[in-house]
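S.K.: Sequence:
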Amino acid sequence: MSVVSVLDAVPDPMSAPPVRWGILGAGAIAGSFAEAVRTSTAGSVAAVGSRSAARAAAFAERHAPGARAHGSYEDLVADPDVEVVYVATPHSHHRDHALLAVRAGRHALVEKAFTRNEAEAVEVLEAARAAGVFVMEAMKTRHLPHVAAIRTMVARGEIGDVVSVSGSREAAFAHDPASRLFDPGLAGGALLDVGVYPLAFALDLLGVPDEVAATGFLTDTGVDAQSTVTLRYGTRAVATATSSLLTRTPASVTIGGTSGFVHVPEHAYGPTGFTVEWHDGGRKEFDGFAPDGKQYEAAEVARCVAAGDHESTRMPWQETLDLLRVLDAARARLGVVYPGE
Numbered sequence: 042m043s044v045v046s047v048l049d050a051v052p053d054p055m056s057a058p059p060v061r062w063g064i065l066g067a068g069a070i071a072g073s074f075a076e077a078v079r080t081s082t083a084g085s086v087a088a089v090g091s092r093s094a095a096r097a098a099a100f101a102e103r104h105a106p107g108a109r110a111h112g113s114y115e116d117l118v119a120d121p122d123v124e125v126v127y128v129a130t131p132h133s134h135h136r137d138h139a140l141l142a143v144r145a146g147r148h149a150l151v152e153k154a155f156t157r158n159e160a161e162a163v164e165v166l167e168a169a170r171a172a173g174v175f176v177m178e179a180m181k182t183r184h185l186p187h188v189a190a191i192r193t194m195v196a197r198g199e200i201g202d203v204v205s206v207s208g209s210r211e212a213a214f215a216h217d218p219a220s221r222l223f224d225p226g227l228a229g230g231a232l233l234d235v236g237v238y239p240l241a242f243a244l245d246l247l248g249v250p251d252e253v254a255a256t257g258f259l260t261d262t263g264v265d266a267q268s269t270v271t272l273r274y275g276t277r278a279v280a281t282a283t284s285s286l287l288t289r290t291p292a293s294v295t296i297g298g299t300s301g302f303v304h305v306p307e308h309a310y311g312p313t314g315f316t317v318e319w320h321d322g323g324r325k326e327f328d329g330f331a332p333d334g335k336q337y338e339a340a341e342v343a344r345c346v347a348a349g350d351h352e353s354t355r356m357p358w359q360e361t362l363d364l365l366r367v368l369d370a371a372r373a374r375l376g377v378v379y380p381g382e
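Quick note: this note's numbering has the sequence shown finishing at residue 382, numbered continuously throughout.
Because the hints were derived from the structure by calculation, they are not lab data.
Treat the hints with caution; some may be incorrect.
Derived CB-CB ranges, DEER-like [said to hold, decoys possible]:
1. Ala373 to Gly198: 31 to 39 Å
2. Arg273 to Gly112: 28 to 36 Å
3. Ala254 to Ala348: 33 to 41 Å
4. Gly226 to Ala373: 34 to 42 Å
5. Ser113 to Glu199: 33 to 41 Å
6. Gly322 to Pro380: 21 to 29 Å
We treat Cβ as the ideally placed atom computed from N, Cα and C, and that holds for glycine.
Using the sequences and the hints, build the whole thing.
M.R.: Spelled out as structure tokens, the structure:
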């Protein structure tokens with residue numbers, strides 16, 4: 042059986058206009074983003090900011106040679122060479138750091154989950170509107186080739202009407218009450234860190250649900266350890282999203298239609314391939330593998346900034362708010378409350 046490539050389902054990230062990035066936060070996710078920008082886009086990392094000047098310098102040397110290292114986030118957003126700030130700090134700080142960038146007149150790409158809750162997101166987006174800057178949630182799945190190809194197939198009715206979406210994103214982490222994943226003060230838990238991916242996938246295909254249900258259990262620190270969230274769409278469709286901090290699974294997605302289904306067997310939230318099977322026995326395989334995938338969201342930001350847009354049509358502000366509303370509802374069902382909420 043031949044395998045069809047879908048890499049041309051979205052524009053080549055290298056074709057997007059160059060952008061000078063400022064990296065706010067010097068952790069592992071920030072490192073992978075800087076590498077993706079440097080190796081797979083026409084953009085560059087102009088500066089990196091950390092609470093430690095030494096850590097910022099080490100990050101720049103490793104991931105962004107030539108970038109200026111700032112020992113404070115305030116200095117980073119004030120750097121005149123920075124056009125767009127990529128916020129990659131813990132969820133608990135996304136609101137404050139996004140506001141810092143926006144109020145300095147910088148465009149911003151804010152890691153998922155965009156903020157701890159919908160109310161914080163509204164505050165950031167209202168500030169962005171007032172400042173006239175571009176802001177987007179860094180939901181990289183929205184910009185990947187295989188996701189674009191799947192959306193096109195679904196829109197064409199190639200698997201009939203979608204009646205089910207099931208996805209999982211589970212990763213095993215050593216229990217550490219002080220880590221960002223287990224600390225409620227840092228907005229830890231599986232939902233905001235990994236569960237956001239299958240939920241965003243479901244909302245991308247089906248929209249806002251009529252009902253949100255959730256079952257699961259918490260860690261001894263009070264954040265969600267594992268859960269399954271169910272979304273009901275009237276009498277037409279149901280979606281489920283499973284997330285965990287306790288085990289690692291292939292991160293798959295299955296989309297069931299009335300005449301066939303799409304299956305992304307593993308690594309569904311990075312550039313990958315998928316299979317379509319029809320009820321009449323037909324089957325087709327697609328390839329969409331590419332390194333990492335953050336270059337696609339970086340390229341989307343570059344195109345939007347160059348066009349003078351304030352939000353992306355692929356990850357618009359309203360869909361960020363819709364997703365956070367679902368996350369808020371799921372956390373409420375599970376009993377997860379962060380300090381200060």
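S.K.: Given the range 21 to 29 Å, decide if the beta-carbon distance of Gly322 to Pro380 lies inside it.
M.R.: 55 Å, violated
S.K.: Measuring from beta carbon to beta carbon, are Ser113 and Glu199 in 33 to 41 Å?
M.R.: Because 52 Å falls outside the window, the suggested range is violated.
S.K.: Taking 28 to 36 Å as the stated bounds, is the beta-carbon spacing between Arg273 and Gly112 within them?
M.R.: 49 Å, violated
S.K.: For the hint 34 to 42 Å, verify it against the beta carbon of Gly226 and that of Ala373.
M.R.: 19 Å, violated
S.K.: Looking only at beta-carbon atoms, does the pair Ala373, Gly198 fall within the given range of 31 to 39 Å?
M.R.: At 36 Å between Cβs, range holds.
S.K.: Could you see if the CB distance from Ala254 to Ala348 stays within 33 to 41 Å?
M.R.: Holds: the Cβ-Cβ distance is about 40 Å, inside 33 to 41 Å.
Violated hints for the displayed structure, listed by number in ascending order: 2, 4, 5 and 6.
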